[in-house]
Amino acid sequence: MKTMNANQQLDPRLQLVWSLIKVIVLLYVFLVGVQCLSSGIKGLGKGTMDAYMSADMNPIVGLIVGILATTLVQSSSVTTSLIVGLVASGQLAVAAAVPMVMGANIGTTVTNTIASLAHSARGEEFRRAFAAATCHDFFNYLAVITLLPLELLGRAFMGQGPLEMASGALARNLVGIGGTTYKSPVKALFKMGVKVIKSGLDWLDGPVASIALAVIGGVLIFVALGLIVRVMRSLMMTRVERFVNRFLGSGGLIAMLVGVAVTAAVQSSSITTSIMVPLAGAGVVTLRQVYPITLGANIGTTLTALLAAMAVSGAQAGAAVQVGLVHLLFNLLGIAIWYAPEAGRRVPLMAAERLANVAAKSKKVAVTYVVGMFYGLPAVLFLLSQALG
Amino acid sequence: MWMELIDIFRGGDELQAAGDDLFEMLAIVRNMASKVRPHVFDHSISMDDRARVYELDIQVNKLQRRVRKRVVAHLSLNPTRVPYCLLLMTLVKDAERVGDYIKNVTEVAELGGGPVPEGELREELEQLIDIASELLTEVEGIIRAQDRERATELLQRGRAAGKRCDRLLVSLSHSTYSAGEVTSMVLLTRFYKRLGAHLVNILSSVVMPLHKVDFYDEAELEP
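Protein sequence lines, in the order shown, are assigned to chains A and B. Residue numbering for the first sequence is 44 to 432, as defined by the working numbering. Residue numbering for the second sequence is 2 to 224, as defined by the working numbering.
The following block holds chain A by itself, in its conformation from the complex (with noise of 0.2 Å):
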C-alpha cells in the first residue's frame, strides 16, 4: 500500500500557499475587472441606459435577465458581480437589481440539474441525483414566488421593498452613506489596475473607450472568476471528502456553514451543488443532507457580490454594498421561510423528490423540465409582463 499511496505532488502545505497566492492575485483581477466595468459603464453618461436599467424596469424582465445571464455564463457570481458594477456606475437603481439578483439566484440552479443527467443511463442512480440537484431549483424558485411579490407590494405601498428597505440600512450602517462618502480601504490598489488598464485604451475615443473598459471589465470578471474556481476547486474537494466521511451526520447547520465556507473558497455555488450530485447518485450523501449544503452555497455565493462591492468607491459604494446585501438577505430569509420549520423544509425536499420519480421513469421529463424551467418558463413570463403591459 505504501507505493500505491505515494503522490507525486507538491508538499500539501506548499501547494496551500502556492494556491492562496495565485486566489489573492485573482481577487485583485476580478476587482479590477468590477471597477472597469463601473468606470467604462459610467463614461457612457448618465441617462444612456435609463431605458432599460431605470428603478421602474418591468420586476419580470429584471428576473427573466437574471436567469438568462446566468444561465448562459453558468455562474450567479458573474451575474452578481456585473449587477454590482451596473449599480456602481450608476446606470442601474438598486431596485431594478433586486429581480434581477433573485434570477441569478434560480439561474446558477441549471448547472447542477444538467450535471444530474449524466446519471440518467441508471434508473435509481439517476433519481438520487436529479432530486438532489433540483431541491436547490425548488427552493430557489420558491423563494423567488415568496419573496418578490413581497417586495414588489412593499414598493407600491411603502416606495422601497422589505429587501431594498433593509439591504439600505444595513448598508448605511456599513459603510455610511446617506452622511459620509465611503472609502473603500483597498481603492488606491484597484485604481493603479484600472489605470494601467485605461492607458491601454487612450487611443479610442471617448465612448469607445468606455464600451472597450466595461467589456475588458467583464471578461477580467468572468476569467477571474472562472480562475478561481478552479485553483480552490481542488483544493476543496479533499475536504468535502473528509466532511462527507465524517461529519455528515453532524446535523444541518454544520452542513450548511460547510456549504457556505466550501462555496465561499470556491467562489461558486454551483461547484459546490454540483459535486454533491454524483455523491448522492452514488447513495453517498441523502436528499436531506444535501437540501443544508445547497442552502449553504446560496448563501457563500453572496460573498462574491460583496467582494466586488469592496472595489466600488465614491457616491455609488453604498447602492454596491446594497446589491450584495440584497443577495445574502434574500437567501437568508429564503431559509428562514423554506429550511427553518420542518413544514417549509418538506416542501422543497417533497417536489424534488416526486419530480425526480417521475423523470427516473422517463428521462424526457427531466429534460422537458430543465428546458422548461430555466428557459421556457422565463420566456412564458416575459411575453405575459409584455402583453399586461
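Since the hints were made in silico from the structure, they are not lab data. Note that the structure is predicted; figures quoted are calculated from it, not measured. Check each hint, because a few of them may be wrong.
[As the list claims (entries may be wrong)] Under 10 Å between C-beta atoms, here's a sample of chain A residues computed to sit facing chain B: (1) GLU284; (2) VAL287; (3) ASN288; (4) VAL327; (5) VAL328.
[To be verified] Footprint (simulated), chain A over chain B, 3 or more residues, beta carbon under 8 Å: (6) 76-89; (7) 131-141.
Quick reminder that beta carbons are idealized off the backbone N, C-alpha and C, glycines included.
Assemble chain B onto chain A, guided by the hints.
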C-alpha cells in the same frame, strides 16, 4: 461545533484512511481466527467467545462499508488514484469474506458436524489450517511493506494448500469417519480452503497488476 468545522478544513488523505480501515479489518479477522483456532476440532468454543466472534464480524462488515463509502466519495469528488480505489474495493471484499469463513467455522457443530477424532486426515487438515493462519498472520505486514518476495512465497504455499484441500476432500469421501465427523471435516476443509483463497487474492495485489488480482499466475508474474 466550531472544532468540528475546523477539523473538516484541516484536510488529510481520506484514501490513506481507507487503507488504514483495510488494515484494521485484517487485524480483526486475525483476532477472530486466533479465538476460533483452539476449538476447531472439538467445537468447544464458549458462547461468550462465539458471541465475540460474531461482534467482530459485524465490525469487519461495517469497516467494509466504510471503505466503500470513502472510495465512492473520493472517486465522485476527486477521481484520482483510480487503480488504488478499485483495488481497495476488491481487497475489502476478500477481507470481509475471510471474516465470514471464520464465523462459519464456529457454526460447524450446528450444521451437523461432530467432534473430529485424531488421525491422518485430521493431521493433514491441521497443517492446512496452519498455512491459512500463517497467511493471515503475515498478510498485513507484507502489504504494508509491499514485500514481493515474501508475498510470492506465501502465494505459492497458499495455492499448493488449496490443491491439498481438494485432495483431502476426495480422501474424506473414502474415509471411515462417521457422518457427523465427515461433515465437520468437509465443512472445515472447505471453509479453510476458501479462507486461504481470499488471503491469496489479497496477497496477489502485491505482485500482480490490478486487472490480474485474484488470478495469480506465476508465469505472468511481473519482474
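Outcome of the hint check:
For A:GLU284, the shortest C-beta to C-beta distance to chain B is roughly 5 Å, which falls under 10 Å, so the interface hint holds. About 5 Å separates the beta-carbon of A:VAL287 from the nearest beta-carbon of chain B, less than 10 Å, and the hint is met. The beta carbon of A:ASN288 is positioned within 10 Å of a beta carbon in chain B (closest approach about 5 Å), and the interface hint is therefore held. Satisfaction of the interface hint for A:VAL327 is found here, the shortest Cβ-Cβ separation to chain B being roughly 5 Å, below the 10 Å cut-off.
Given hint, A:VAL328 at the interface with chain B, holds; its Cβ is 9 Å from that chain's nearest Cβ, closer than 10 Å. Judged by the Cβ-Cβ criterion of 8 Å, the stretch 76-89 of chain B is covered by chain A as claimed, because 7 of its residues qualify and three suffice. Only residues whose beta carbon comes within less than 8 Å of a beta carbon in chain A count, and the stretch 131-141 of chain B has 0; fewer than three means the coverage is violated.
Checked against the numbered hints given earlier, this structure breaks only hint 7.
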